[in-house]
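Enquirer: Sequence order for the protein chains is F and S. The first sequence lines up with residues 1 to 424 when you count with the UniProt record's numbering. The second sequence lines up with residues 1 to 483 when you count with the UniProt record's numbering.
There may be inaccurate statements among the hints.
[Stated by the list, open to error] Okay, the calculated bits of chain F under chain S, using three or more residues with CB under 8 Å as the criterion: (1) 53-62; (2) 103-112; (3) 324-331; (4) 405-414.
[Unchecked claim] Quick partial rundown of chain F residues pointing at chain S, CB under 7 Å, derived from the structure: (5) 211; (6) 212; (7) 339; (8) 340; (9) 394.
[Said to hold, decoys possible] DEER-style ranges, computed between Cβ atoms: (10) 191(S) x 163(F): 30 to 36 Å; (11) 386(S) x 158(F): 46 to 52 Å; (12) 237(S) x 116(F): 35 to 41 Å; (13) 63(F) x 237(S): 40 to 46 Å; (14) 362(F) x 77(S): 25 to 31 Å; (15) 433(S) x 240(F): 41 to 47 Å; (16) 104(S) x 269(F): 29 to 35 Å; (17) 148(S) x 246(F): 30 to 36 Å; (18) 148(S) x 240(F): 43 to 49 Å; (19) 104(S) x 174(F): 50 to 56 Å; (20) 237(S) x 205(F): 33 to 39 Å; (21) 160(F) x 432(S): 24 to 30 Å; (22) 158(F) x 156(S): 48 to 54 Å.
What the hints contain is simulated information worked out from the structure, not anything from laboratory work. We put the beta carbon where it would ideally sit given N, CA and C, even for glycine.
Chain residues, written in single-letter form:
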Amino acid sequence: MPHQLAVTIRAALPAARVAEVSELLAEAGRKGVAGELFPFAEVTGVHFARLLVVPEGPGADGAAVPASVVYMGEVDAPLQAHLTDLVRKAGEGLEKVFGHCDGYPTGTASVAARTAWLRAHRIPSAAFYVNTVGRGRQQILREARLREAIEEFLDQQGAALSGAPPSRIRAAIQEYVTGRPDLAWARSRPAPPALWWRIRQKAHLLALPLAALFLLPLLLFALPAWAVLLRLHELRDVPSGERPDRRHVRELAACEDFGAQNPFTAVGSVKPGRFRRATLTAVLLVVDYGVRHFFNRGDLTGVKTIHFARWLFIDDKCRVLFASNYDGSLESYMDDFIDKVAWGLNAVFSNGRGYPRTRWLVLGGAKDELAFKSYLRCHQLPTHVWYSAYDDLTTATIDTNARIRAGLFADLGPAATRAWLALL
Amino acid sequence: MAPTLELDDIQGLLVRGYSSLKAACFLLLAVTDPPAARPALARAALRVTDGRTEPAESAVNLALTAEGLRRMGTLPPGLDGFPEEFVSGMTDPDRSRFLGDLGQDAPRHWRWGGPATPPVHVLALLYARDEPSLQRLEAELRQDLLATGGLTEVLRLATAELGDREPFGFRDGISQPLIEGLARTSRVTAARDGATADGDVVKAGEFVLGYPNEYGLLTDRPLLPDDGTGLLPREPGGTGADLGRNGSYLVFRQLHQDVQGFWGYLDDVTRRPDGTSDPAAREALAARMVGRWPGGAPLVHAPGQDDPARATDNDFGYVATDPDGLRCPLGAHIRRANPRDSLDPRPGSAESVAIGRRHRILRRGRSYGPRGGPHPPPTAADDTQGNGLHFLCLNANISRQFEFIQHTWLNNPGFNGLHDAPDPLVAPRGNHHATFTLQARPVRTRHVGLPQFVFVQGGAYFFLPGLRALRYLCTAAPRDGQR
Numbered sequence: 001m002p003h004q005l006a007v008t009i010r011a012a013l014p015a016a017r018v019a020e021v022s023e024l025l026a027e028a029g030r031k032g033v034a035g036e037l038f039p040f041a042e043v044t045g046v047h048f049a050r051l052l053v054v055p056e057g058p059g060a061d062g063a064a065v066p067a068s069v070v071y072m073g074e075v076d077a078p079l080q081a082h083l084t085d086l087v088r089k090a091g092e093g094l095e096k097v098f099g100h101c102d103g104y105p106t107g108t109a110s111v112a113a114r115t116a117w118l119r120a121h122r123i124p125s126a127a128f129y130v131n132t133v134g135r136g137r138q139q140i141l142r143e144a145r146l147r148e149a150i151e152e153f154l155d156q157q158g159a160a161l162s163g164a165p166p167s168r169i170r171a172a173i174q175e176y177v178t179g180r181p182d183l184a185w186a187r188s189r190p191a192p193p194a195l196w197w198r199i200r201q202k203a204h205l206l207a208l209p210l211a212a213l214f215l216l217p218l219l220l221f222a223l224p225a226w227a228v229l230l231r232l233h234e235l236r237d238v239p240s241g242e243r244p245d246r247r248h249v250r251e252l253a254a255c256e257d258f259g260a261q262n263p264f265t266a267v268g269s270v271k272p273g274r275f276r277r278a279t280l281t282a283v284l285l286v287v288d289y290g291v292r293h294f295f296n297r298g299d300l301t302g303v304k305t306i307h308f309a310r311w312l313f314i315d316d317k318c319r320v321l322f323a324s325n326y327d328g329s330l331e332s333y334m335d336d337f338i339d340k341v342a343w344g345l346n347a348v349f350s351n352g353r354g355y356p357r358t359r360w361l362v363l364g365g366a367k368d369e370l371a372f373k374s375y376l377r378c379h380q381l382p383t384h385v386w387y388s389a390y391d392d393l394t395t396a397t398i399d400t401n402a403r404i405r406a407g408l409f410a411d412l413g414p415a416a417t418r419a420w421l422a423l424l
Numbered sequence: 001m002a003p004t005l006e007l008d009d010i011q012g013l014l015v016r017g018y019s020s021l022k023a024a025c026f027l028l029l030a031v032t033d034p035p036a037a038r039p040a041l042a043r044a045a046l047r048v049t050d051g052r053t054e055p056a057e058s059a060v061n062l063a064l065t066a067e068g069l070r071r072m073g074t075l076p077p078g079l080d081g082f083p084e085e086f087v088s089g090m091t092d093p094d095r096s097r098f099l100g101d102l103g104q105d106a107p108r109h110w111r112w113g114g115p116a117t118p119p120v121h122v123l124a125l126l127y128a129r130d131e132p133s134l135q136r137l138e139a140e141l142r143q144d145l146l147a148t149g150g151l152t153e154v155l156r157l158a159t160a161e162l163g164d165r166e167p168f169g170f171r172d173g174i175s176q177p178l179i180e181g182l183a184r185t186s187r188v189t190a191a192r193d194g195a196t197a198d199g200d201v202v203k204a205g206e207f208v209l210g211y212p213n214e215y216g217l218l219t220d221r222p223l224l225p226d227d228g229t230g231l232l233p234r235e236p237g238g239t240g241a242d243l244g245r246n247g248s249y250l251v252f253r254q255l256h257q258d259v260q261g262f263w264g265y266l267d268d269v270t271r272r273p274d275g276t277s278d279p280a281a282r283e284a285l286a287a288r289m290v291g292r293w294p295g296g297a298p299l300v301h302a303p304g305q306d307d308p309a310r311a312t313d314n315d316f317g318y319v320a321t322d323p324d325g326l327r328c329p330l331g332a333h334i335r336r337a338n339p340r341d342s343l344d345p346r347p348g349s350a351e352s353v354a355i356g357r358r359h360r361i362l363r364r365g366r367s368y369g370p371r372g373g374p375h376p377p378p379t380a381a382d383d384t385q386g387n388g389l390h391f392l393c394l395n396a397n398i399s400r401q402f403e404f405i406q407h408t409w410l411n412n413p414g415f416n417g418l419h420d421a422p423d424p425l426v427a428p429r430g431n432h433h434a435t436f437t438l439q440a441r442p443v444r445t446r447h448v449g450l451p452q453f454v455f456v457q458g459g460a461y462f463f464l465p466g467l468r469a470l471r472y473l474c475t476a477a478p479r480d481g482q483r
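Sequences and hints are given; from them, build the entire structure.
Expert: This is the structure we're talking about:
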């Protein structure tokens, strides 16, 4: 199975086209016809995808950065295959959106030319969280079907199997699945991501601590100064205390709560000055390391409902984009943040302008419930076009489905067999 | 140290459910002429029962919708400081989608509160010792409210005599949060084992605005730069007038219960192989959907059969006794409405219970219809038309409390690690096929294609102001540009 990639493509929109593109995306999302313009379901390996307009903002040296249109996808590797397929299947939609941007190859231009343009407009993620690294879209969809087939089999055979020992019941399920050619894939384990990729990950796992070790004297020297500076900044920074505008909240709410999952997209300005920019860069480096190597098995420091999340710098690190796909409502998502991972949110977002006051980078901040919720709402962007390949599957369900598949033909002892049956 | 609650400024319904006042009715009113409505409401406000002592004869409480507040004309029309969900209202399309009020539950089909019926601005809640007493109270209050012609009555909602069973036949109202700082809370906790009672004691600010909530913070509430009357309490640490203090938000939903459909379905799926009804199996399956037996005993403690000695047993968690749902199914109603110690990230811990405390509501509902009173469990043959629950609850933050419970726990097909199972008892089914799973060893059994048993037929979000705020709303000078 492939590893997953966060694709971000961003291009500036001419000021005269902003309203038109925004309306096009909003209209497509409102009418539920986004799938016609952007048939993501047909593009191989897409887990989630979104298109939105990021409003203009402050750039380096005070100049305004124009509004831009952004495509984000959470997709299975390799990148080239995704982009080529995207251009082939969603070419018309892409042209309507990116066609207004400088240099987008329109008309009779080749697929390769368009793909090259998209590649050239990619933005790297500073950090990318994948709920379970290596679980591809096909695997997720197949395992959901497998689970449904087994559940239906048990519903039908329940009476006949009642009183049977666990091993007999499991054997009956195995026999049933074996008899279904469409489920033949379930007999083998999903393949791991490519070897080269795993080697690269291992190298990364070692490289960062080695670099830190090498720089240790410097870090130890710098740390007290950094802490003092941090406190000075924290005392001086002014929380915005802003409550979101009602119209803005309504526009956001209109894009939410249609299925088991929701998208979240937000943009915020990094506090001015080199200190905050450097701090945020370092924090995101640590986040990136953490999510790559430790939080890659369904649990982001206690929050288990996030499918994917990414953090990226834009506009010479003047702004940060955050995007995620999560289960449940925004209210439950924000409550999870506050209750379970406030320190992590603080470490990143307290470097953003207007964030509720923190202490020592990680304390306070999000614990100011309504100030934090308002901050997120104020910075959230409407995700007008959003696609999920499995909008009725929560991370918990996906995980259970994977365990059902993994254990179905595995060599299990009596206790493990009982535990496996309890998954159903 | 818990802050002292200003019981003389808090409406009585926040403090108690008036369990000795067995008769009740709810009047829904519209403001048709604001200048005439203000003195009428001001007169009625004099009758409002505060939270100091338990009333022996009768009680009156008053609440207003967002549109009702606007119509009064005494607040800035933007209703700044009131939460978005209250201002946009329960029937806003985005809220309807969020709450699951779609299809046959959609507001356009409602008996009241929806777009097809007259608007509701004011809610008068009337409680009395018995029916004759209620009639007297109602006549007096109508005189106050309607005499000036500024208010018109939209609908009168009757309730059944207060019993301890809801229309499906189950003992209800057993588990309630206890407000920290109330004398009755200290009495209850003293009578119970302190450790287990702790989970139910909730900071006053979760229900009453103007006091610290479970985060130790004051929930956002409407503040006025200056009330000009000196009537309102001052904002603590600020200069403004606190219109929210001692108030709360009242969620009202009329929930029709299809009693015949419920028991008929259970009867069908529990028949013996020879086709005859199996009353014991029927009741057992009903109990597993609810999580308690009709008599009230929780399945966690009484898995096999009802146990009268445990009728009001509320002293249990799930993680130690029943982590896998073998006694009380993982999707049962009471596990969802109050997950107790089963919430992530560390089920079974005090931290889990603390997270749950941020999602509690004070339930103040009353049943209606012939099956609403104290009856034995009904049979499928009973006349069961027109039964249900006037669901009322109080909370300080509608999104984090009522709406969260409704969306994230009750209606969520993925609750507790399940994947296609909304609340078997109360959730709408929508387009999803609802499943009820009975966890068992070696393997579960499922009931698929569960019909819907409870239907929304009306509802609105109300603001239940403190007494001084209520007086302010009726007597302050109208804003410029308004009648």
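Enquirer: Each of the hints needs a verdict: does it hold here or not?
Expert: Evaluation of the provided hints:
1. 53-62: Coverage by chain S is violated for the stretch 53-62 of chain F (0 residues, Cβ < 8 Å).
2. 103-112: violated (count 0)
3. 324-331: holds (count 4)
4. 405-414: violated (count 0)
5. 211: 32 Å, violated
6. 212: 28 Å, violated
7. 339: For residue 339(F), the interface hint holds, since the closest Cβ of chain S sits about 5 Å away, which is under 7 Å.
8. 340: 5 Å, holds
9. 394: 4 Å, holds
10. 191(S) x 163(F): 30 to 36 Å: 46 Å, violated
11. 386(S) x 158(F): 46 to 52 Å: Given about 37 Å between the Cβ atoms, the range is violated.
12. 237(S) x 116(F): 35 to 41 Å: 60 Å, violated
13. 63(F) x 237(S): 40 to 46 Å: Given range 40 to 46 Å: holds, Cβ gap about 41 Å.
14. 362(F) x 77(S): 25 to 31 Å: 42 Å, violated
15. 433(S) x 240(F): 41 to 47 Å: 46 Å, holds
16. 104(S) x 269(F): 29 to 35 Å: Violated: the Cβ-Cβ distance is about 47 Å, outside 29 to 35 Å.
17. 148(S) x 246(F): 30 to 36 Å: Since the Cβ atoms of residue 148(S) and residue 246(F) sit about 33 Å apart, the hinted range of 30 to 36 Å holds.
18. 148(S) x 240(F): 43 to 49 Å: 46 Å, holds
19. 104(S) x 174(F): 50 to 56 Å: 43 Å, violated
20. 237(S) x 205(F): 33 to 39 Å: Violated, at about 50 Å.
21. 160(F) x 432(S): 24 to 30 Å: Since residue 160(F) and residue 432(S) have Cβ atoms about 28 Å apart, the given range 24 to 30 Å holds.
22. 158(F) x 156(S): 48 to 54 Å: 50 Å, holds
Hints 1, 2, 4, 5, 6, 10, 11, 12, 14, 16, 19 and 20 from the earlier list are contradicted by this structure; the remaining hints agree with it.
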